[in-house]
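Guided by the hints, dock chain Y onto chain A, whose structure is given.
Keeping their order, the protein sequence lines are chains A and Y. Heads up: the first sequence at position 72 corresponds to 72 in this note's numbering, and the numbers run straight through without jumps. Heads up: the second sequence at position 224 corresponds to 224 in this note's numbering, and the numbers run straight through without jumps.
Not one of these hints is a red herring.
A pair counts as met if it fits within one copy or between any two copies, since identical chains are not told apart.
Distance condition first, Cα-Cα at most 20 Å in a straight line; then the derived EDC-like pairs of lysine to aspartate or glutamate:
(1) 339 <-> 115
(2) 187 <-> 157
(3) 187 <-> 159
(4) 107 <-> 65
(5) 187 <-> 158
(6) 310 <-> 272
(7) 107 <-> 97
(8) 289 <-> 97
(9) 111 <-> 65
(10) 78 <-> 115
(11) 107 <-> 96
(12) 69 <-> 115
(13) 139 <-> 115
(14) 289 <-> 96
(15) 339 <-> 168
No wet-lab data here; the hints were simulated from the structure.
Protein chains: 2
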Amino acid sequence: MVGVCRRFRTKPRALFSAKLSPSCSSPLILPPVRIPTQTAHRLLSNGVHRTRSAEIMSGRPIAKDIISKVASEISRMKAAIGSVPGLAVVLVGNREDSQAFVNIKLKACNKVGIETSIVRLPQDCTQNRLIDVVSGFNKNPSVHGIIVQLPLPQHLDEERVINFVSPEKDVDGFHPLNMGNLALRGKEPLFIPCAPKACIELLLRYGVEIVGKNAVVIGRSKIAGLSTSLLLQRHHATVCTVHSFTNNPEQITRRADIVVSDVGIPNIVGCDWLMPGAVVVDMGTNSVKDPSSRRGFRITGDVCYEEAVKVVSAITPVPGGVGPVVLSMLLSNILDSAKRAFGFT
Amino acid sequence: MVGVCRRFRTKPRALFSAKLSPSCSSPLILPPVRIPTQTAHRLLSNGVHRTRSAEIMSGRPIAKDIISKVASEISRMKAAIGSVPGLAVVLVGNREDSQAFVNIKLKACNKVGIETSIVRLPQDCTQNRLIDVVSGFNKNPSVHGIIVQLPLPQHLDEERVINFVSPEKDVDGFHPLNMGNLALRGKEPLFIPCAPKACIELLLRYGVEIVGKNAVVIGRSKIAGLSTSLLLQRHHATVCTVHSFTNNPEQITRRADIVVSDVGIPNIVGCDWLMPGAVVVDMGTNSVKDPSSRRGFRITGDVCYEEAVKVVSAITPVPGGVGPVVLSMLLSNILDSAKRAFGFT
Numbered sequence: 001m002v003g004v005c006r007r008f009r010t011k012p013r014a015l016f017s018a019k020l021s022p023s024c025s026s027p028l029i030l031p032p033v034r035i036p037t038q039t040a041h042r043l044l045s046n047g048v049h050r051t052r053s054a055e056i057m058s059g060r061p062i063a064k065d066i067i068s069k070v071a072s073e074i075s076r077m078k079a080a081i082g083s084v085p086g087l088a089v090v091l092v093g094n095r096e097d098s099q100a101f102v103n104i105k106l107k108a109c110n111k112v113g114i115e116t117s118i119v120r121l122p123q124d125c126t127q128n129r130l131i132d133v134v135s136g137f138n139k140n141p142s143v144h145g146i147i148v149q150l151p152l153p154q155h156l157d158e159e160r161v162i163n164f165v166s167p168e169k170d171v172d173g174f175h176p177l178n179m180g181n182l183a184l185r186g187k188e189p190l191f192i193p194c195a196p197k198a199c200i201e202l203l204l205r206y207g208v209e210i211v212g213k214n215a216v217v218i219g220r221s222k223i224a225g226l227s228t229s230l231l232l233q234r235h236h237a238t239v240c241t242v243h244s245f246t247n248n249p250e251q252i253t254r255r256a257d258i259v260v261s262d263v264g265i266p267n268i269v270g271c272d273w274l275m276p277g278a279v280v281v282d283m284g285t286n287s288v289k290d291p292s293s294r295r296g297f298r299i300t301g302d303v304c305y306e307e308a309v310k311v312v313s314a315i316t317p318v319p320g321g322v323g324p325v326v327l328s329m330l331l332s333n334i335l336d337s338a339k340r341a342f343g344f345t
Numbered sequence: 001m002v003g004v005c006r007r008f009r010t011k012p013r014a015l016f017s018a019k020l021s022p023s024c025s026s027p028l029i030l031p032p033v034r035i036p037t038q039t040a041h042r043l044l045s046n047g048v049h050r051t052r053s054a055e056i057m058s059g060r061p062i063a064k065d066i067i068s069k070v071a072s073e074i075s076r077m078k079a080a081i082g083s084v085p086g087l088a089v090v091l092v093g094n095r096e097d098s099q100a101f102v103n104i105k106l107k108a109c110n111k112v113g114i115e116t117s118i119v120r121l122p123q124d125c126t127q128n129r130l131i132d133v134v135s136g137f138n139k140n141p142s143v144h145g146i147i148v149q150l151p152l153p154q155h156l157d158e159e160r161v162i163n164f165v166s167p168e169k170d171v172d173g174f175h176p177l178n179m180g181n182l183a184l185r186g187k188e189p190l191f192i193p194c195a196p197k198a199c200i201e202l203l204l205r206y207g208v209e210i211v212g213k214n215a216v217v218i219g220r221s222k223i224a225g226l227s228t229s230l231l232l233q234r235h236h237a238t239v240c241t242v243h244s245f246t247n248n249p250e251q252i253t254r255r256a257d258i259v260v261s262d263v264g265i266p267n268i269v270g271c272d273w274l275m276p277g278a279v280v281v282d283m284g285t286n287s288v289k290d291p292s293s294r295r296g297f298r299i300t301g302d303v304c305y306e307e308a309v310k311v312v313s314a315i316t317p318v319p320g321g322v323g324p325v326v327l328s329m330l331l332s333n334i335l336d337s338a339k340r341a342f343g344f345t
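Extracted from the complex, chain A is given alone in its bound form (with noise of 0.2 Å):
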């Protein structure tokens, strides 16, 4: 029997070991914090652990350090060739929450310089047209990014539209395209999905160490935990996805260095489900009654945080973690786009 060759002991290499495209690896990511990763007890002289507090991983900086470098990029491209990018939004129907996200998006876009345009169709508007809205966009120059703001109403084939969004303007990174060359070694696609970069964005900057890291990514919808699996596991993380049919996925959390949650049920992540000092990356967005808030309601993430600040090592809060981080993103897949398609470096 041939000798058995232990490739599996190399030690993790350093970080930034994972080739990304030009627009992941942009002079907008700075170097990291070295803040090291430690558990978040400290074996104290007469034996008793003490927690210490977590580090909260809060996305705000980030994303203002994001969007100014945006801001000025933009700047610097119309001094010198006297264009800006472009998005394109459309709208069908009447959500109010559609509407409310559409406007953070447009508004953050205008206070770059990235200039807008938006199309809004009714709620029964047919197939045909919205396809014909988007075929415009597809093939109008000026127009770098589009996004068709989801959900859809029902009537409408939701895959077939995001099908037909030009790959090379698929700013959200849905495209089947784009996730295929996220999913392959080798590849890269010309848009990260904005979650999953925000994900791996917060996590560098903290400096927690992906590779060779446990990872485990609840939930697998496209938006953001199937990506940020994919992209985990670029960094050479070792990803387990758990979902609903999962039979134990406490247990399995609590063996991950690194949790990410995309599951959008509030508080279901307690602190039975997480490993002492781990680093927990909280995407879930839920809105929960709360009297006592002046809106009656407040957003909350999938992590019961009261309980999990006091054993993981890292987290991000709720909001104000991942979500400004993701709408930063978004602003700058739009200038990569953009940059592609003037050839401007």
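Frame of chain A, contents of chain Y only:
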């Protein structure tokens, strides 16, 4: 604080719950033979554990069955519409192993009635010449599957060539568009790569439940490991992907109900990697020197078979496990492509 909804406590659903494209759930797949997975150990009345033999998941009868049905369908197609599926192969250079693999594929095609054509290009052919050949096959209506035999000579851009194959003729399933559709729930790839398709076929035919099970895939190649992870996840396994940066691969793999190995290192998976009663699919095809063999070498898998068979409840042998089924899946993919092209049901 709102109540916690324990959605993760849902019991696993029955087999075949994952929606697959008609090409995957075609009549070629017989209802599985119900062989219950049992632990390899039985507790005897006197409290002593006895190891029972593992089920050997031979691929040959399955391959034979699939090939027979493909041949039958092609006969039916020929009688009905006077056409048969066509496979085109591009072979660059003089590698003996590539020539051998191509010969196996062509022979298998000819046996079931698939028309074949092969273009041989010299080792030093240009990228443009290769692209022209592929382009010709893309446009040819009597060609339903295109294989560019890998690896290509180093001066050629393999990824660019694979991308150039029309996704509608990508019977290997490697095109990023097909890979993205495989990854995305609610999407259906035109082709599932042959190796993961073979893996799932073996598991289902031997009555191995996948839904809710913990699966570890060792390796993340596009040919096998990556796509198998994605397909197992579509079947609602909880999948963890182990690779060369994983620090503790034995420990992680030991927790798995289903282990799939795509490493390419003989005997790397020993019994210390395996939970008693696990089910093992060995995708390794390693050529090792063996003076006792007539040819001076033999083919062995990644799993240390002699050790594993005492521990697991079921295992695929190498050779004779996954390999035969992979080839039959290629024929199945070519047939499906032709059926789509002709609108033949």
